[in-house]
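There are 2 protein chains.
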Amino acid sequence: MTVTTPQGFRAAGVTAGLKASGKPDLALVVNDGPSKAAAAVFTSNRVAAAPVHWSRQVVSDGRVDAVVLNSGGANACTGPTGFQNTHSTAEKVAEVLGISATDVFVCSTGLIGEQLPMDKILPGVEAAAAALSTDGGPEAGTAIMTTDSVPKSALFIGTDADGQEFSIGGIAKGAGMLAPGLATMLVVLTTDAAVEPELLDVALRDATRITFDRADSDGCMSTNDTVVLLSSGASGAVPATDVFTDGLTKVCAELARKLIADAEGASHDIAIRTFNAASEADAEAVSRSVARSNLFKAAIFGKDPNWGRVLSAVGTTDAAFEPDQLNVAMNGIQICRNGSIGDDRSLVNLEPREVLVEIDLQAGDAEATIWTNDLTHDYVHENSAYSS
Amino acid sequence: MTVTTPQGFRAAGVTAGLKASGKPDLALVVNDGPSKAAAAVFTSNRVAAAPVHWSRQVVSDGRVDAVVLNSGGANACTGPTGFQNTHSTAEKVAEVLGISATDVFVCSTGLIGEQLPMDKILPGVEAAAAALSTDGGPEAGTAIMTTDSVPKSALFIGTDADGQEFSIGGIAKGAGMLAPGLATMLVVLTTDAAVEPELLDVALRDATRITFDRADSDGCMSTNDTVVLLSSGASGAVPATDVFTDGLTKVCAELARKLIADAEGASHDIAIRTFNAASEADAEAVSRSVARSNLFKAAIFGKDPNWGRVLSAVGTTDAAFEPDQLNVAMNGIQICRNGSIGDDRSLVNLEPREVLVEIDLQAGDAEATIWTNDLTHDYVHENSAYSS
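Protein sequences appear in the order of chains S and R. Everything in the first sequence is counted per this note's numbering, starting at 17 for the first residue and increasing by one. Everything in the second sequence is counted per this note's numbering, starting at 17 for the first residue and increasing by one.
The hints are simulated quantities; they were obtained by calculation from the structure and are not laboratory data. The model shown is predicted, which means the values in this text are computed figures rather than measured ones. Mixed in with the good hints there might be a few duds.
[Unchecked claim] Restricting the straight-line Cα-Cα distance to at most 27 Å, the calculated cross-link-like pairs of lysine-lysine (DSSO-like) are: (1) K319/S x K35/R; (2) K35/S x K266/S; (3) K35/R x K274/R; (4) K39/S x K136/S; (5) K319/R x K35/S; (6) K274/S x K39/S.
[Unchecked claim] Incomplete in silico selection of chain R near chain S, CB under 8 Å: (7) S238; (8) D320; (9) E383.
[To be verified] The calculated label-pair distances, taken between Cβ atoms and stated as ranges, are: (10) E111/S x S60/R: 57 to 67 Å; (11) V166/S x G33/R: 49 to 59 Å; (12) A294/S x T175/R: 46 to 56 Å; (13) D48/R x Q350/S: 46 to 56 Å; (14) H69/R x S295/S: 26 to 36 Å.
All C-beta atoms, glycine included, are put in the ideal place defined by N, C-alpha and C.
Only chain S is shown next, with the shape it has when bound in the complex (with noise of 0.2 Å):
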């Protein structure tokens, strides 16, 4: 369940010697064809760090044959000289694998404002070409991670309309700064299925949009977040558009999942679905607005069902309501209703990790869930004690 479970791709992931931890940091995927179609998602961020300049041009005729990924540096706020150290990275995978520069993807992750150590960069590259194989996806998945306690993957396998089998498989990194429009998050997403380039970018953007889009877990956008998707087409099936995009969305939520679970230093995981909402934009962003109440996760993490502080939250958006019509429940427990008092909160059970909000607006039949975390002492720690 991988990035090389898919035919047609091969994968690495190797130590070049960016992390003092000595653990791997340059990954390498490479789409073997037939076909080297490509879309990409990246972080709306305007200060996006060198390596999603240099991807943007890439991926925007549609081809991409390799992505090279390296966490231990995100290669953001580095100047013209950053932007080198893409282009010459990219040049070098080019000529390792013989190859186009044009054609190579580059993803970087890690501390922002720090040039990346090239003498260890370069040996790399050539030394995750040399592992590269049919099997090498959770080498590479291991080798993207910064703070991550788990390398994250997943799978879709599914059939087109000729019954010919195709699959869709994934990695992805990230532990926190995950936000809006992506997080410090990067994912490869291969397929064998032939997709052509405006097909994959359609079906990306749809998958995107109502998974990792709606993953905030400190509400912190990322100069670097990047969702490269590559097909091979090497199955030679041609499933549907509706058919390969669910089976892409479902990839994407079970990935977005992953992310949030393995947030940095949370101790619950908290869907926040707002329906009765007039439209799904009002939905999203009521659901938004509490994910991103810091007394409401403090109180999360205290296993207080504050359910003041979800009112609070919604109140400070401009979606279709009445606050006196407002209704809350918290791990099923009717807490709230109509904007008063509702069951004894003491009902509340928040030992479990998982947690659910449900926030009804009794203003129309629209619904959004966005996942986040609780506020923790351990995610204090993490971003207060170590740069990133």
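Got chain S sorted already, so can you dock chain R onto it with the hints?
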């Protein structure tokens, strides 16, 4: 330097028994005139507490005779019963003072979603009325405290064009949920200058816009925030509008600084100044975005001058700037220059409690400063271990 320093005011603070701790929890401030002019600003949270709904009506005619405030319960999200309790409180104040209930302004602060114990509030009002005195301001300031560690007050003394002296005094409470359009913050301001209600309103909005509205401790907006300004006219001074507004702004700024300095669990007070912006709105948006970045705030707690997290937050705004022209200084050290690496970050000293972050957008000549705090273990502890 309190609300009874200006002539024409009496105040009191008593223990009504709302707080389990037995500390003072009910305050009364009375304007003995000759003028009873007043103005107020309230939370913009759509989920507003019962006393906010009531007091909006009370002040709408520009007259307030008395302000009654309780800690130990917010009376928010309490439905029709909650509104009736606010009404009853105002009626009780009117009865014991021989005034109209429609001239009694009510403020509450404390836990959301619990009914007030009226069997304690009503006797408390009687006790407070009996304790009213022209030097009771400090007792009132203490009775409105919740998690505040110290009472907050401020004073401005000025003269009108004829040399007649006037003063503006204030008390404030609030130590968390400090955010946009005020905070869980109650502020009572008094002046013995003779100022018409319309001018009080303009001056109050001008003053709060650049003081309380720019104190953003944790991005959370309360259901109860209120700032009320009473004018007795007892000094006979009639200051020019700009003189009065200037004095009022100074009092508000001092109270806002004291609120930030006492924010729950904070170990640093952070001023985020954005300058060379295309507009004041841009400057404010950029500063506020940084002020709400948990990653940035946790880094400051860890004494890590992590300018990458500053740029990440700046990049999420739509302010006018070019990413490669951003400059950032922390406590005087230019750690980011033209969007890239500047001076050695190890030169930044983050040991002092006061931190100044300066963001140069190189896009104009406007500026704005937002005051916030760091994100600490104590913040998480205070907001997870106790309901509020």
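Do the hints match the structure? See the list:
1. With a C-alpha separation of about 22 Å, the suggested pair K319/S and K35/R falls inside the 27 Å cut-off, and the hint holds.
2. Between K35/S and K266/S, the direct Cα distance comes to roughly 32 Å. Violation of the 27 Å bound is thereby established for this hinted pair.
3. Simply put, K35/R and K274/R have alpha-carbon atoms about 23 Å apart, close enough for the 27 Å limit, and the pair holds.
4. At roughly 14 Å between alpha-carbon atoms, K39/S and K136/S fall within 27 Å of each other, so this suggested pair holds.
5. Our distance criterion of 27 Å between C-alpha atoms is met by K319/R and K35/S, whose separation comes to about 22 Å.
6. Straight-line distance between C-alpha atoms of K274/S and K39/S comes to about 21 Å, which keeps the hinted pair within the 27 Å bound.
7. About 6 Å separates the beta-carbon of S238/R from the nearest beta-carbon of chain S, less than 8 Å, and the hint is met.
8. Because the beta carbon of D320/R sits about 6 Å from the nearest beta carbon in chain S, less than 8 Å, this interface hint is met.
9. For E383/R, the interface hint is violated, the least distance from its beta-carbon to any beta-carbon of chain S being 20 Å, above 8 Å.
10. For E111/S and S60/R, the Cβ-Cβ distance of about 58 Å falls inside the hinted range of 57 to 67 Å, so the restraint holds.
11. Look at V166/S against G33/R: about 52 Å separates their beta carbons, and that is inside 49 to 59 Å.
12. Against the hinted window of 46 to 56 Å, the Cβ-Cβ separation of A294/S and T175/R comes to about 55 Å, which satisfies the hint.
13. The given range of 46 to 56 Å is respected by D48/R and Q350/S, whose C-beta atoms sit roughly 48 Å from each other.
14. For the hinted restraint 26 to 36 Å between H69/R and S295/S, the CB-CB distance of approximately 27 Å keeps it satisfied.
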